[in-house]
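**Q** Sequence:
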Amino acid sequence: MIFPNVLTIFTYISIPVLIFGEEVCYRNKLDNCDTKKMPAFRYLFYDVNPSEGFNLRRDVYMRMAVLAHKLKHSNDPILNSFLLVLPPWSHLMHWGYSEDPEQIPWSTFFDISSLQKFAPVIELHEYFSYLKNNKYTKSILDKVYILQHYEDMFESGNFVDKWSVEKCQKPPKLRFFHYTNITSNNVQCLSFHGPATKLSEVLKQDKSRTIMLEHAEVALHDMFGSQIYWQARRSMRFNFELRAIANEFRQLYLNSSDKDDNTYLAKDWKDDKPKRNAIGGPYLAVHLRRRDFLRGRPDDVPDLKRVAEQITEKLEELELSKVFVATDAPQKEYDELNSLLLPKYEIYKYTASKTVEKKYSAGGVAIVDQIICSYARYFIGTSESTFSFRIQEEREILGFPTKVTFNVLCKDKKKCKKPSLWKIVY
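Take the sequence shown: its letters are residues -21 to -1, 1 to 405, numbered as in mature numbering (1 follows the signal peptide of the UniProt record, and there is no 0).
Among the hints, a few may not be true.
[Said to hold, decoys possible] In silico BS3-like cross-links for lysine-lysine, where the CA-CA straight-line distance does not exceed 30 Å:
#1 301 x 393
#2 293 x 323
#3 328 x 390
#4 402 x 293
#5 301 x 149
#6 311 x 323
#7 246 x 382
#8 338 x 311
#9 246 x 96
#10 177 x 141
#11 149 x 117
#12 186 x 117
#13 252 x 238
Worth flagging that the hints you see were computed from the coordinates, not collected in a lab. Since the structure is predicted, the reported quantities are computational estimates derived from the model, not experimental observations.
Starting from the given sequences, assemble the full structure and let the hints guide the process.
**A** Here is the structure:
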């Protein structure tokens, strides 16, 4: 059964603590911006390989946020004056974007004030609002470093942390974030291997005020799953409206609420306490990745009959009657799965209203799916999917026992790739 989403939309405005004035200069109203004096900060921009999806980009953000966090807490004034400028979301895979770039700000999806409690971040449109010219014409970045892997690194097996300015392996692009008027006259390619915080060595020797790191995904986590990793991850709370939409769906169709499910979080992520006592709503949640995984991982993706068997088995074990499915499968496949579970079990899927879809795009709809999956009594994901991995992280933050979180759909009972178990560290 597909239930339409009829919701009251709450008005929510995130006012970042690092905004230096009351006006905000949005990308479609740049000509109307008032003249303001640029604050005495340095600005660190970054971007990611265009082919990377939403959830991988979130992972790259954490690497850059850890870098910004450590720069902020440095005693070196050359380093601790940096603000990390968030790249707008645009032309992402799986979102069904149009030819025109969307350039969606982070506040559409995330609570900016929560991000800022970990790292000094601002939106790109906030940077625009403090350009010196009253009429916006062109933003010329002082320096752009295009990160690239060392050409012989994987062949030689030499994975020593290092960096060096070298010849570009590919022609560098000179326009950024899908804007035609953000460019630079000073572009260098930086062969790099190591954690993102090693980039502080580059930033220390470069006195430029505006620095861009292109292909930031080349830089690695300092230590994946460490305490600082989880601090960055915990700060990535979704914005209030998207959480409200997901919570209303939970209440209306899945008999799920924070009070009954023991899934309360502190208002401030810094006040969250370690726990393993979340119960979750009385439903099973499944992330069923299809489309590209059917082509790229045919040996791992089960057919719909096998999926239905695993869902039925788990519902019977848990004595539940409802399953929520987040999937990229076409409607025909979803209907087939539905027919395999009815009439004994109820299957639910979130369908956004036109208002929600217009305001939050496919990205916001996917986030609502992730939130609903995060609060289920039991979760089954898709092996090697970053979408599933982000849900598993949310469930770790909520305090679920690991056995009800780190599970995947299997094509073969005897040969099934179990997900890596990354426990939260406070």
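**Q** For the pair supplied as a hint, residue 177 and residue 141, confirm whether the alpha-carbon distance does not exceed 30 Å.
**A** Distance ~8 Å between residue 177 and residue 141 Cα, so the pair holds.
**Q** Taken at face value, is the distance from the CA of residue 311 to the CA of residue 338 at most 30 Å?
**A** holds, 27 Å
**Q** Are the Cα positions of residue 246 and residue 96 separated by 30 Å at most?
**A** It holds: about 12 Å lies between the C-alpha atoms, which stays within 30 Å.
**Q** Against the 30 Å threshold, does the CA-CA distance of residue 149 and residue 117 hold or violate the hint?
**A** holds, 25 Å
**Q** Residue 252 and residue 238: Cα distance at most 30 Å?
**A** holds, 17 Å
**Q** When you check the alpha-carbon spacing of residue 301 and residue 393, does it fall within 30 Å?
**A** Judged against 30 Å, a Cα distance of about 27 Å means the pair holds.
**Q** Given the hint that residue 246 pairs with residue 382, does the C-alpha gap stay at or below 30 Å?
**A** holds, 27 Å
**Q** Compare the distance between the alpha carbons of residue 186 and residue 117 with 30 Å, and conclude whether the hinted pair is satisfied.
**A** holds, 21 Å
**Q** Given the hinted pair residue 402 and residue 293, is their alpha-carbon gap at most 30 Å?
**A** holds, 23 Å
**Q** Does the structure keep residue 293 and residue 323 at a Cα separation of 30 Å or less?
**A** holds, 13 Å
**Q** Given the proposed pairing of residue 328 with residue 390, does the C-alpha separation stay at or below 30 Å?
**A** Distance of about 23 Å is within 30 Å: holds.
**Q** Are the Cα positions of residue 301 and residue 149 separated by 30 Å at most?
**A** Given that 30 Å is the threshold and the Cα spacing comes to 51 Å, the pair is violated.
Hint violations for this structure: number 5 only, all remaining hints satisfied.
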